[in-house]
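Enquirer: Sequence:
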Amino acid sequence: MLAHQAMSVGDAFRAARPVGTDDMKSPVFYEAVNKKFQLDQKLEGQREVIIVIVLHFVHSAVDFLTTLAKLGRVVAVISKSTKTVDEVRERLNALYKDYIDPSLTKENIASDPECLKTFIQSLREKYPPDRFQLVLGDHGGYFAKHLNTLVAENLDFVTGVVEHTSNGHDAYEKYLARFKSFPVPVWSIATTKMKHLESHAVAQSLLTVLNGFIYSGMGINQDMSRIMVMLLGYGEIGGALGKLIAKDLSIGSKLFICDTDVKKHDRARKELASFSVTPLVTDNMRTFLGE
243 MLAHQAMSVG DAFRAARPVG TDDMKSPVFY EAVNKKFQLD QKLEGQREVI IVIVLHFVHS
303 AVDFLTTLAK LGRVVAVISK STKTVDEVRE RLNALYKDYI DPSLTKENIA SDPECLKTFI
363 QSLREKYPPD RFQLVLGDHG GYFAKHLNTL VAENLDFVTG VVEHTSNGHD AYEKYLARFK
423 SFPVPVWSIA TTKMKHLESH AVAQSLLTVL NGFIYSGMGI NQDMSRIMVM LLGYGEIGGA
483 LGKLIAKDLS IGSKLFICDT DVKKHDRARK ELASFSVTPL VTDNMRTFLG E
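Residue numbers for the sequence shown follow the working numbering, so the first one is 243 and each next one is one higher.
Among the hints, erroneous ones may be present.
Unchecked claim - In the BS3-like style, the derived pairs of lysine-lysine whose C-alpha atoms are separated by at most 25 Å in a straight line are:
#, residue 1, residue 2
1, K435, K368
2, K359, K387
3, K489, K505
4, K348, K416
5, K435, K505
6, K322, K422
7, K485, K435
8, K416, K435
9, K312, K512
10, K322, K277
11, K387, K422
12, K348, K359
13, K506, K496
14, K512, K435
15, K496, K485
16, K489, K506
17, K416, K322
18, K277, K416
19, K359, K416
20, K416, K506
21, K359, K435
22, K489, K512
23, K368, K348
24, K277, K506
25, K322, K348
26, K322, K312
The hints are simulated quantities; they were obtained by calculation from the structure and are not laboratory data. Note that this is a predicted model, so its numbers are computed, not measured.
Using the sequences and the hints, build the whole thing.
Expert: So this is what it looks like as structure tokens:
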């Protein structure tokens, strides 16, 4: 059911884009999601839903959390500190000061089972399992490694996990293969139409910035159709960006794609086969540098 709803939200993406902008994560977007899926009530259940969420502290974070709070009570926010905007961190600290612990990071929950165990125990004490059920909102597979041990000790408390990144999706698949099963449902929206649309939007924004730089008179002075492009990584965003770049390149241009995951090489060649430029795909960047 979750995946089905996630695929339908593509309509909200298109309807919610503010006029004259490419911002797909504005308050307008989240308002449209609320309206489309009527997120004005808590998730159904005899026990109240509480949510722990890992996310980037970027400009859309506050609006995202506001929307998420319509589904359940947000009780902890864990910074994915690879992307942090200082003014957003300050705003989040003001709004969620009781729920942000600087000592609790994505690295802690991924590598320190005792830290994670202590954290969940503190939540149990504050939110008794007879009245509350916990949903883990993951952003990179950080709960995957210790999920079975964690849930085995908290079957009456942890209800499930929602993962929304491709890296996290791969992490859960990796540990699922090792464990054979998870004791609670793990939902991934990483491969849904919603995420595909988001990846395309991000790629388009990156290409717009790149074109702006090229045409800005900073000494490059050539358009995208006649340059050599090296694309590092062919994941969801890299793949979307590769197709957009290949579409703009003319015959004689060069497109290099490097990804350490050799499984993505055939995908890149297949997806870009219809364009005028044949990409050179490798797992070693030195191939492009002639070393």
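Enquirer: Please flag the earlier hints that this structure goes against, numbers listed from lowest up.
Expert: When the structure is compared with the hints, numbers 1, 6, 9, 10, 18, 21 and 24 turn out to be violated.
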